[in-house]
Structures are given as C-alpha cells and as structure tokens.
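K.L.:
Protein chains in written order, with our numbering: chain A, 176 to 531; chain B, 176 to 531; chain C, 176 to 531.
No lab work stands behind these hints, which were simulated from the structure alone.
Bear in mind that the values here come from a model prediction, so they are computed numbers and not experimental data.
Where hints are given, some of them may not hold.
The list that follows gives simulated cross-link-like pairs (lysine-lysine, DSS-like), each with its CA atoms no further than 30 Å apart [stated by the list, open to error]:
#1 K235(B) - K380(B)
#2 K498(A) - K235(C)
#3 K233(C) - K473(A)
#4 K380(B) - K233(A)
#5 K235(C) - K380(A)
#6 K380(A) - K414(A)
#7 K235(C) - K235(B)
#8 K498(A) - K498(C)
#9 K414(C) - K380(A)
#10 K466(A) - K235(C)
#11 K235(A) - K466(B)
#12 K235(C) - K233(B)
#13 K233(A) - K267(A)
#14 K505(C) - K414(C)
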Amino acid sequence: MTSFIRNAWYVAGWSRDFGTDLRALEITGQRLVMFRETGGTVRALEDRCPHRLLPLSKGKRIGDTIQCGYHGMTFDGRGTCVRVPGQDNTPKSAFVERFEVHERHGIVWAWMGDPDLADTDQIFDMPEFTDAGWHAHQGDALHIRSNYLNVAENLVDPAHVSFVHPTTLGSAASENVPVHVSTSGSVISAWRWIRDAAPVGFFQKFGGFSGHVDRWHYYHLHMPSTAVIDFGSIDVAEKCDEEDRNRGVRIFALHFVTPVREDYTIDHWMHLRNSALDDDAASAQMDAMFKVAFAEDKEILEAVHDAEQQPQRRRPIRIAIDKAPTVYRKRIRDRIAAEATDDLGDPGDSSFINHD
Amino acid sequence: MTSFIRNAWYVAGWSRDFGTDLRALEITGQRLVMFRETGGTVRALEDRCPHRLLPLSKGKRIGDTIQCGYHGMTFDGRGTCVRVPGQDNTPKSAFVERFEVHERHGIVWAWMGDPDLADTDQIFDMPEFTDAGWHAHQGDALHIRSNYLNVAENLVDPAHVSFVHPTTLGSAASENVPVHVSTSGSVISAWRWIRDAAPVGFFQKFGGFSGHVDRWHYYHLHMPSTAVIDFGSIDVAEKCDEEDRNRGVRIFALHFVTPVREDYTIDHWMHLRNSALDDDAASAQMDAMFKVAFAEDKEILEAVHDAEQQPQRRRPIRIAIDKAPTVYRKRIRDRIAAEATDDLGDPGDSSFINHD
Amino acid sequence: MTSFIRNAWYVAGWSRDFGTDLRALEITGQRLVMFRETGGTVRALEDRCPHRLLPLSKGKRIGDTIQCGYHGMTFDGRGTCVRVPGQDNTPKSAFVERFEVHERHGIVWAWMGDPDLADTDQIFDMPEFTDAGWHAHQGDALHIRSNYLNVAENLVDPAHVSFVHPTTLGSAASENVPVHVSTSGSVISAWRWIRDAAPVGFFQKFGGFSGHVDRWHYYHLHMPSTAVIDFGSIDVAEKCDEEDRNRGVRIFALHFVTPVREDYTIDHWMHLRNSALDDDAASAQMDAMFKVAFAEDKEILEAVHDAEQQPQRRRPIRIAIDKAPTVYRKRIRDRIAAEATDDLGDPGDSSFINHD
Chain A
176 MTSFIRNAWY VAGWSRDFGT DLRALEITGQ RLVMFRETGG TVRALEDRCP
226 HRLLPLSKGK RIGDTIQCGY HGMTFDGRGT CVRVPGQDNT PKSAFVERFE
276 VHERHGIVWA WMGDPDLADT DQIFDMPEFT DAGWHAHQGD ALHIRSNYLN
326 VAENLVDPAH VSFVHPTTLG SAASENVPVH VSTSGSVISA WRWIRDAAPV
376 GFFQKFGGFS GHVDRWHYYH LHMPSTAVID FGSIDVAEKC DEEDRNRGVR
426 IFALHFVTPV REDYTIDHWM HLRNSALDDD AASAQMDAMF KVAFAEDKEI
476 LEAVHDAEQQ PQRRRPIRIA IDKAPTVYRK RIRDRIAAEA TDDLGDPGDS
526 SFINHD
Chain B
176 MTSFIRNAWY VAGWSRDFGT DLRALEITGQ RLVMFRETGG TVRALEDRCP
226 HRLLPLSKGK RIGDTIQCGY HGMTFDGRGT CVRVPGQDNT PKSAFVERFE
276 VHERHGIVWA WMGDPDLADT DQIFDMPEFT DAGWHAHQGD ALHIRSNYLN
326 VAENLVDPAH VSFVHPTTLG SAASENVPVH VSTSGSVISA WRWIRDAAPV
376 GFFQKFGGFS GHVDRWHYYH LHMPSTAVID FGSIDVAEKC DEEDRNRGVR
426 IFALHFVTPV REDYTIDHWM HLRNSALDDD AASAQMDAMF KVAFAEDKEI
476 LEAVHDAEQQ PQRRRPIRIA IDKAPTVYRK RIRDRIAAEA TDDLGDPGDS
526 SFINHD
Chain C
176 MTSFIRNAWY VAGWSRDFGT DLRALEITGQ RLVMFRETGG TVRALEDRCP
226 HRLLPLSKGK RIGDTIQCGY HGMTFDGRGT CVRVPGQDNT PKSAFVERFE
276 VHERHGIVWA WMGDPDLADT DQIFDMPEFT DAGWHAHQGD ALHIRSNYLN
326 VAENLVDPAH VSFVHPTTLG SAASENVPVH VSTSGSVISA WRWIRDAAPV
376 GFFQKFGGFS GHVDRWHYYH LHMPSTAVID FGSIDVAEKC DEEDRNRGVR
426 IFALHFVTPV REDYTIDHWM HLRNSALDDD AASAQMDAMF KVAFAEDKEI
476 LEAVHDAEQQ PQRRRPIRIA IDKAPTVYRK RIRDRIAAEA TDDLGDPGDS
526 SFINHD
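Just chain A, with the same shape it has in the complex (with noise of 0.2 Å):
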C-alpha cells in the first residue's frame, strides 16, 4: 500500500537545477522529466513515451518542446502532442501527464495530483525569505534510503539529538529533558528548552559561545513533509523569555523532504539565520556541520528502513517522546485515506457516517 499523499506540493529541487537540459526525477513514485522553457517556466511531464514507453528525458529538445528519442514523436510543455512522425494526424490519445510546478524563493515545488487542485497558497511560506534581516542560504540535498515517514518523523523528535547527535546538535545534558507537543492546523509542533547548559558543538563553532547558554529547539511539521527546525543559543545571563529568540542567534534549519519511491526519499535542506548576513564563509561553515550531522541521521534511517523490512513478530511499541510522530503518522493515514476514496461522495462530510 502507498504512502504517500499525491495532492500536495513537494520540492523538486532548487531553481539553479533546472537548466535548459531534460532533467529525470521521481516524486510519489511518479517519473518525470522537467526542464526550463526558453520563457523561463519549469515545465514537468510524466517521463514516459505514449507510444512505446521509452522515457522522454531520453530525448531531445526541440526549442520548447520534447521530442522522443526513439521514433521522434514531440510533445510540448503541457503533455499536448504536437508531431508523430510518418503521419498528420495526433490522435487525441497521444499525450503525457502534466503536473503543476511553481517556483519561489529559488526553490521548484511540483504538485504531483490533480492539477486542478493545485493551489500555490499552499506552498509552504516564511516572512523571513524576504526579510532583511535573515539570510537564507541554499544547502544541499541528502539521498535516503529510507521511507519519507522516518525522515520527516526524525524531523518532529527532539528526543533523538541528544543520542544522535551527541558532538553536533546535542549532549547528554538533554536527555530527559522533557518535549512539549502542540498543532496548529497543518503544522505539528515539538520543542523544549535546555536552560543553563554548556554550549553544544554547533554552537561553540557558530556564536563562539563559550560560558553557559540557554538553548532551544522548535521543531515544526508542515504536512505533509516540510520541516523547519527553529533552533539556537543565548547567552545564560540574557534570561532570553521563550518568544523572545530573535535576541539570541536564531537558526531556522528547513527540510523539504520528497519522497522518490517507498525506499528512497531526497531531504533538500537549507537555512536561515539573524547573524552573519551576506558572510559566505559562515554559509560554508554551517554546511559543513550539517552534512555531519545530516550524515548521522541517513546511517539511522536507513538501518530502520532496513529493519522494518523484516518480518516482525511483535508490534513495534511508542514511549513518552513519541506525541508529535504518533500525530504525525496519524494525520497522513488520515490523508491518504481521504484520497483513496474522494471520488466517492462528499470527503469533507465525514459526519453523515457517525451520526446516522
């Protein structure tokens, strides 16, 4: 059974990957190939030849269109065929899927259901994109093999830092600390405070700080699988009050996490932070002490992807630090249920059932 949710919008990649080339991609299981029309649009296609499959980022461009690379039939930026080669006629059957793409902040987001439900104003959105204040910087992307739930799970748990992470994001001195859990609409909400404590590596590399500081971490899902981690340092002495972080140096870490296939999930990552502005060498500082971290959140990942292929004679059991990834993994079932049977009367009146 799938789990992924096709009507939603994923991250396809950053703006500077789509050039004039015919790119292959995966999202939801679906092929596509995508490229930059000469207007500038990204355009996304099923990446599949109606005629005898052959995937048409084998093909070539024909100003902006595609033409298949085994008997030329030329499709263009909206799966409408517009050539068959050795007749004049294009049967109405001959197209390829299109899906909706956006663009925005240097990020190509592609909706992989129904185009008519595509709706941008759902695209996930920050004020601090467009602030002078912050400097968003664009990282990497990290291949997972692993389902996107562990990857956008481990991106609501506080509680792994500390035992993941022990040299990097966390230590020991937040282990039993307690995790506060909360949603606001599409959004789950995970953090806790750590009052009075040594400065973890992150941060004596990234602030300098040295002395005793307060430090937080917010961790917040926007369904279906976009993480932004809201974390950062305080000198202990500020007595920083908890909407008050602005003060501190404050990092908003994003995760775009795409599911390719069931086993394969791509996280592009990137931040945005209160300090350092326009300083390219802190951009690749911070990259540089991510791609460790990051590095030891895919080894966990993949052995639970691994493990969970294996046949299991016990349930898996949750624990206290489990809330926000128990709300998570509900809310998509939830969804995933809902698109499996839309087409059959109302979705939205679920309570016709219960009261009857």
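Please arrange chains B and C on chain A, whose structure you already have, making use of the hints.
P.N.:
Same frame as chain A, now just chains B and C:
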C-alpha cells in the same frame, strides 16, 4: 507468462565459439551446456545433473562425455547416463534432456522444443551465403537487458532509424518518408526508399558517396526472430529501380535474435555485401560502424524494457509506423497460444470450435 | 517454508571473536547483537530495539548494557529494559528477546529456540579437546551463499571427495569404493577405507607419505549440523585395523555449520590432530590446504543452491551413494515438523492418531 516460442531454431553462437570446452548458455530460459565432440558434432544438453542439479558445465569432459563435477555421474552427447560412480546400474531416470543442434555457414543453431519436430529445412538461409559475388562477415554478439520482442520489433521498424541513429544509419531526411509493409509466409517486411538525398554517415565512409544518392531500407523479419536488413545506396544519377538494388552498394545486415531470459537477449549480428569482397579492412570498418549504431539501439531497448516493468496507468498507443511491429507481436502471441494448446487436439482445426 | 531447526545449539563464533564491542550476527534468520560482559559472559540479544526497530548493534555499550543509538532506550544482557529517556517508568513490553549462550573449548554457541529448553549437555563435545595427546587448532569461517542443508549434507558424503577434491583430499583411486552408512542416536555416519593406494595430495604434504598407504574417511554428522570428519593415512605395511586409527596420522576436521539465512551459511572449521602437536607451522600449512579444498566445496555448493532456485520440470534423483544425506534430510524434516506442532499436544504421542 512466457514470451518464448519453444519450437524454433535459435542461434547459439558462431561455429568458432564451440571448441572442446564445456560452454554454458541459456536460450528461452533453458540453461544449456554445449560442446563439440571429437568428430566435430556440436551437442546441446540440459545444464543440470539430474542428481544434485549441479550444472554439467561445471564438470569436465571425458572423451565425448561430460562427468559431473560433484559425484561423477557421466552423460554422453545425447544425454544418456553412461556411469554412476558407486553403483553398477544406471537407472532410467538418470538422463539429461538433449536439444537438437545444426551447424551451417559457420552458425550454430539450437532447436529449443521437441526434438522430433526439429526440421533443419526451417533454418534461415539465403543464397548469397554461397554466392561468389558476395562476402559474408561475422560480426559480434550484442547483449541487451531487454525482452527479445523489443529487440526483434526494432528490426522491422525503419521509422526509428531517423531518431535513434541520426548520424550513422539515418538522417532527418527520412523522418517523414512513409513505410511500406507486406507479409509473405513467415516473413514480415517493411521498407522505404529515400530518393535524392545526401548520403548518411555510414555510406559516406563505406562506398565513398558524396553527392546525392537514392537509398533503401528493407527490413525482413523471419519468424520468430531473425532479421535481414537489406540496405544500400546508389548514385541518384543511376536512376535505380526498386528491384535492381544489386547495382548499388548493397548490404544484408543479419540479426539472429536469441531470447535468453525474459529480460535478457543476445543479438548475433553479421553482414553480407556485394562489394569490397575479401577486404578485411572494410569488414573491420563496418563492424566498427555497426557497433556505434547498435549501442544506440541498446540504450533505447534497455530503457524501454525498464519502463515496461513500471506500473502502467494507461495503455501504450500504436501509431501509423507500427504496422509491421503490430503484425509481428500478433503472430508471436498466436504461436505461443498454439504451443500452449497443441496437445489437446488438432491445432489446425480451429474451424471446429467456430462452427459447432 | 523454513529449513531451520530453532531448538538447537549453533556456533556463533570463536571465543576470540567476542570482545567488548557490539557484534551483529544472524543465525536461522534471527538477527542478533552479541557482546562479552565485563565479567566474561557472552550475551546474545535480538538485534532490534522494540521502539523504532533500530538494530541495537548500532548503539553503544554503557557498562554491561546497550543503549539504543536512536533514542537511548537501554537494555541489560538479559534483554530487560533499564531506561527509557524522557519517562520514569519502563513498560513491560519494552524488552528484547534473549538467547542462551554457552562457551566451551574456545567456541561460542547460541541456542536459537526457547531458552527454557536449552541444555548445555547437548552441545557437541569430544574427549580429544582436553587430551594432551591431541592438538586443537581453530581455522577460519567459510561464508557460503547456499542453504545450510547443502553444506551439511556435503559433510556426510564421502563420495564427492574424488570429484570435487581430486588433487587435495581425494583421488581417482576412491571413485568406486563403496560407502558404509550407519546411525547412532543423533549421529549419522558414512565411511570408507581406500586400501593400498598412493597418498592423496594432503598427506603427501602433511605426514610426508610417499609410498602406498591405507587411508580412511569417517564422516560423522551430529544433528542438526556439526560434522566430524575423521580422516588419516597409515603406511600400508602397518596393516592397520579399522578401529586402530590412532596408530596412523589422524585428523578430526570439525565443521560447525551455522544457518544464517535460507540462502547463506557460515561454516566455522577447525581440526584436532594426533601429531605435530604445538607445531604452528603445521597448523598454518593445514589451514592453507583446507582453504584450497573448501573453496572447491564452496563453488559447488553455491552452484547447487543457485540451480535449486530454478524452476524444476523433473524431480532430482537419488543414487546409491546418497544413503547418509537422505537419512539426514529426513531427520531434519521430521524435526522441523515436530517444532511446528509441539505446542498442540504431546509431540511424542504420535501413536494416538494412528490407533484411534
């Protein structure tokens, strides 16, 4: 479900491939051990000792017999057990299946079905093999990770040449030239002439054409999977008639398409030509050109096979140029169905069911 | 269907393999994490955290406990959970399965079934381990991509030696010498003497024989998969009786065959000998000779396993030399059937069904 026809001759290799050693091959999913007896006859046996299943190709030759490498059971070239170490009798069930083999024109053919039905008159032949005006040159064997039907279909499909081989065997000049199709007995033919066009890359190098030529492609597919591609060029000033092709530089490219497994095919290819007879340099030059072109086919055919393994939400479409491939696939399906049912009555009497 | 017997002792490794680190292994398809406690006891636990399934072998030792590498759940050497970070209680379901372990003569055994049935008296032993007239030398572990039944069967099969090891352990002189078979309790034995023949390669090198010898092979297979191969040579002039083998150069080659997965087996091999005691060079020389011979077995056993995965149109045949392997396979099948049903009543009372 199988895509293989069992009662057919397939090329196992060139005569030069079969010496005194034991050679392991696979044809239509049947593992074979083949070897040449001291008298010169090539033998093909099931590559499986009936005792503990070790491939006999892991054993060793003792004269014209094969001794299994595990416990020494020994079989002659007809699959009869001649020795069971540790006992005096050789039980009736101690045999391996044999397959009929025939060698002609330096080519070794194996009949993969009922030995009693093997008829060497059915083996592909053409008079030019023994015509002093023609030179035959064996090329190589191309291994392709694709079902053999994709490979064979491609060899009765002139339309792909313009797009898959734009710089070698084809050019844009032929993109819209119509394809003619006919059938005659067990041969399906597709052809077209491109009149008064610049010579393609191949005939610039071989034949030395520089001015405009008339050129032709005749694709003859002999069931189940031998292709003869009659192609050539002639100076446009010669005003060559269709049936007068020997006046030009004419080549028969032969492809013996051998199904190995459902996802693996070997194409033994060679050619005959009516010029540059006994010119080894010309042979080498043509092999080199063919290798470039066939690598182009291989990339396409493997990508198509891979795409066929994906879930399909829509059926592939057929277009005007598909006439010959469509006839071919129907004939293959009909022969598979006939093989699957021919034990149940008179397979030729299909009218019985229709009229009763 | 499984080919594994759960209620049995299997060799997990040599004592030297188990230190303070966490060691991941797999036996009968069960993933294990093993480690040696500070007191010296070796422990084996299910290699799966009950929370998010991460293998505990990816975690770290904290004293004599293992802390999971994901969220820090911690287990002692009996699988009891001693800590769940983020909460005070440790729920009952928070445990991992433990497996009984016993260490003797430098060999670590694991019992893969019900711990309450583990009886260390059932572990294979022989008096020569502690006899000053004998030298025990641990060899290595051979990894074989084949089901363990193929590996074990091969170790109660003297007939293969002439064909698989013609230049090392066997020679053509033994090809037709009959094999004797007997059973005694849980041991199946097959043996033969080759009288008055040239020494085989092994005993030309070890023992220095050059004239004719009497040589013997006794294969004793202890259920489920421990083999003792008693083999040796003695000058033919000595007229050695069968029961007087200690007079010759005598070797016990031991094979501890551990089923890993259905398609993977590890054979820990060692030997005891009654000559060249404490002669390290002799041990090294024998290891080198064994490695050549066992590589010959490995090639055969992997090819047989591969052939078994093919569709079979005919059943394999059994021949005279198969007596011991046939008894062995039947006993394994009977024990698997007994394990599959022993919860449903008194497994010994098979007469009930027959007499009712």
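K.L.:
A separate judgement is required for each hint: does it hold in the structure or not?
P.N.:
How the hints compare with the structure:
For the proposed pair K235(B) and K380(B), the alpha carbon gap of about 47 Å is over 30 Å, so the pair is violated. Restraint check for K498(A) and K235(C): satisfied, since their Cα atoms lie roughly 25 Å apart, inside the 30 Å limit. Restraint check for K233(C) and K473(A): satisfied, since their Cα atoms lie roughly 13 Å apart, inside the 30 Å limit. In summary, the hint linking K380(B) to K233(A) is supported, as the alpha carbons are separated by about 28 Å, within the 30 Å threshold.
For the proposed pair K235(C) and K380(A), the alpha carbon gap of about 26 Å is at most 30 Å, so the pair holds. A threshold of 30 Å between alpha carbons decides the hint, and for K380(A) with K414(A) the separation of about 22 Å falls inside it, so the pair holds. Taken as a hint, the K235(C) and K235(B) pair is broken in the structure, with Cα atoms around 52 Å apart against an allowance of 30 Å. For the hint pairing K498(A) with K498(C), the CA-to-CA distance comes to about 61 Å; that exceeds 30 Å, so the pair is violated.
Distance restraint check for K414(C) and K380(A): the Cα-Cα separation of roughly 82 Å exceeds the 30 Å cut-off, and the hinted pair is therefore not satisfied. Between K466(A) and K235(C), the direct Cα distance comes to roughly 22 Å. Compliance with the 30 Å bound is thereby established for this hinted pair. Between the alpha carbons of K235(A) and K466(B) the distance comes to roughly 22 Å, so the proposed pair stays at or under 30 Å and holds. At most 30 Å may separate the alpha-carbon atoms for a hinted pair to count; K235(C) and K233(B) exceed this at roughly 47 Å.
Between K233(A) and K267(A) the CA atoms are separated by roughly 23 Å; this keeps the pair inside 30 Å, and the hint holds. A threshold of 30 Å between alpha carbons decides the hint, and for K505(C) with K414(C) the separation of about 38 Å lies outside it, so the pair is violated.
Checked against the numbered hints above, the structure breaks hints 1, 7, 8, 9, 12 and 14 and satisfies the rest.
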